[in-house]
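Residue numbers (my numbering), protein chains in the order written: chain A, 15 to 229; chain B, 1422 to 1944.
Any given hint could be a false lead.
A short, non-exhaustive set of chain A residues, derived as facing chain B with CB atoms under 8 Å [unchecked claim]:
(1) Q74
(2) E79
(3) F112
(4) P114
(5) P116
(6) Q120
(7) R133
(8) K135
(9) S138
(10) S143
(11) S150
(12) T210
(13) I214
(14) L215
(15) P222
Because the hints were derived from the structure by calculation, they are not lab data. Ideal Cβ placement from N, Cα and C applies to all residues, glycine included.
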Amino acid sequence: MPRNSDTSSLEKLLENPRVWRARSQPGPADGLSSGYAQLDRLLPGGGWPRQALTEILIEQYGIGELQLLMPALASLCAEAPGTEPVEPGWIAWVAPPFQPYPPALQNCGIDLARMLIVRPKHDSEVLWSAEQALSSGTCAAVLLWPQVLDDQASRRLQLAAEKGASWAIAFRPLSARHEPSAAALRLELSANHRGTRLAILKSRGGSPAVLHDVV
Amino acid sequence: MARARRSPVIARDSAPTPDAAPHHRQYALPLAKTERLWFCVYLPNLPLEACGPGDCDLAVIEERQGVHRVLLAGDRARAAGVLPGQSPNAALALLPTLRLEERNPIREQQVLELLATWLEQFSSFVSIAGLDVLLLEIAGSLRLFGGLKSLRRRIADGLEAQGFEASLAIAPTPLAATWLARGRRRACIRDSANVMAALRGLPLSCLEWPPTVLESLAGMGITDVGDCLRLPREGFARRFGVKRLLELDRALGHLPDPRNSWRAPERFCADFEMTEEQGDRDLLLAICQQLLQSHEQFLLARQLGTQRLLFTFFHLKAKATSLPLGGARTDRAADHWYELLRLRFEKLVLPEPVIAIRLRGGTPRALHTTSGRLAFHDRPPREHYYSMSQLAERLAARIGNESVHGVNAVADHRPQYAWRARDLFAARAAEVLTQVCQGTDRPLWLLPEPELLSTDNGHPLHQGRLRFVSGPERLETGWWDEHGIVRDYYTAVSPRGAGLWVFRNRGRQHGGEAAWYLHGIFG
């Protein structure tokens, strides 16, 4: 009798809409394949979360942080349907730290005609530009390199990504690891002389994991 | 017949009997098409109205033979007894608050041109016929505007709404219309047979003939057009000049009277002048919006759009502030331009309050608009989405044109010349993109300038000793200009695992010691 009442009260509690269970979250079925089978297996939906914010925490540039995205970006360029009046499939780069090099992008299969480089002069404009690009419905993906990205800003980016059906990728330093974020996916990419290490810190509908030498 | 020739009276009027006119028209249907009808707008108070609307305490003075005299007075001034011809001092004595303005013919001409532009909506043929007279040929517009009465009311209402006092007259010849308007006759004559009767009672002062001519005519007891027409033609021509005779003939339609059509300038340019300096930014924005709306009207009438706009804010003392706006696509919609303006205006620093605003349109371009969808297409409108060009415009409006661009590859083996920025705002938006097959391994990041690396016994260092993965790839090219290179490129890995693209300069500028540079990063 007491046992029975216990389970029923637990069920009642779980029915409460305020209780959120990670496992029960219907994971996004249509993830965007990353092009790395090893990574796809670990991501919910079998790939990058579309229409959401992905954060990649990196220790330094030059450890394959772009290479990680290239197969997915190339597939976005290729699949873009040309419907009027909006022309989707653009890839916006907001405040990149160096010059994205077109010959290498072409080698990766990126369509240069759909590249938009935005170099705002102030950090507040980085977030504004990214938000504009995300919510425009034109950009399939928006890569941004903000100086700071607080919880509220990440939430805004997440909402803008949902509104414009766009994929936001924010590159941040490793020090941001302990800051709260609304991103659907947080990755940490690091490297040493032996190889690279990719850690999934947070994944909506998935679980943390560590991968070695993906890129 | 012989008698008629001996005394060739200008009046050839009533000789063809009244019934001849309808008879003539009955068989001359094609002729009716070429018949013209002239609408005259005479603005007697233009010097006053050009000084600004709604100022009753105003009088315009003009210098004549070295003496200033009142030319026209506003309503309140007139009520106080200020009359044309008075000296400024007398006028000021009658009304101490009177504001005296020197007559400004340039401004009057501008106002007249603005009105002509406005009138172009009613007729394809608008002509500026003098300092205060506008003529429209309206025979072709009657059907579109629902007849003469409705057209006349539209023009009259429009003029009144803009604050102009106008005298309107309609006649088959331009001169007759002008004279009737000057005579303040609310004449509306459609049939050329009636012109003579209408003109007959008109005082000669409406004809703008020189005072000496009028004086000598008055001395002969001739005061109206009817008297004039009764004079013998030869004698009239000899005494007062053939020109006057020709004018009478033109007015009656016996001689052709070709006019020049006024063409509005292709580029929009309008000023808004304020009576006092204004610093309220919201108000300034509202004025800009007004200007943008008239700009839209201007372009709409021509089915054109533009890609550039220039706002200029004038200050009393400081240099004018200009605010150029540019769009990625041709547009004329005031709302669209206003949106861009607002983004830019937020950041605009005005050194002083503003006294006038000028909007100058860019080169007009053909604008192809797409038809709107019918309402019963039930697909929800994606209003919050906008196109790439709109996005680029919005971004550029806030952070600057140079900060928003695309990229293109260039067929050059020198890495720093193998790409260039692509202007997204260029007229040819669909620029041909070059597909260049470069060497196999190129970094995704390129440094804007190669970075000199420190070395340890000739071995490059970056976070420690670099380990070479591949290379060298020798690039020796560009000898045809001063930016030639002789470099060995290597792919290297730093001790902390970063992929780097480094090169060794093989030139001799470093005195034998080959320098190492970092040029790219394998992101």
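### Query
Which numbered conditions among the earlier hints are violated in the structure presented, ordered from lowest to highest?
Violated: hints 9, 13, 14, 15.
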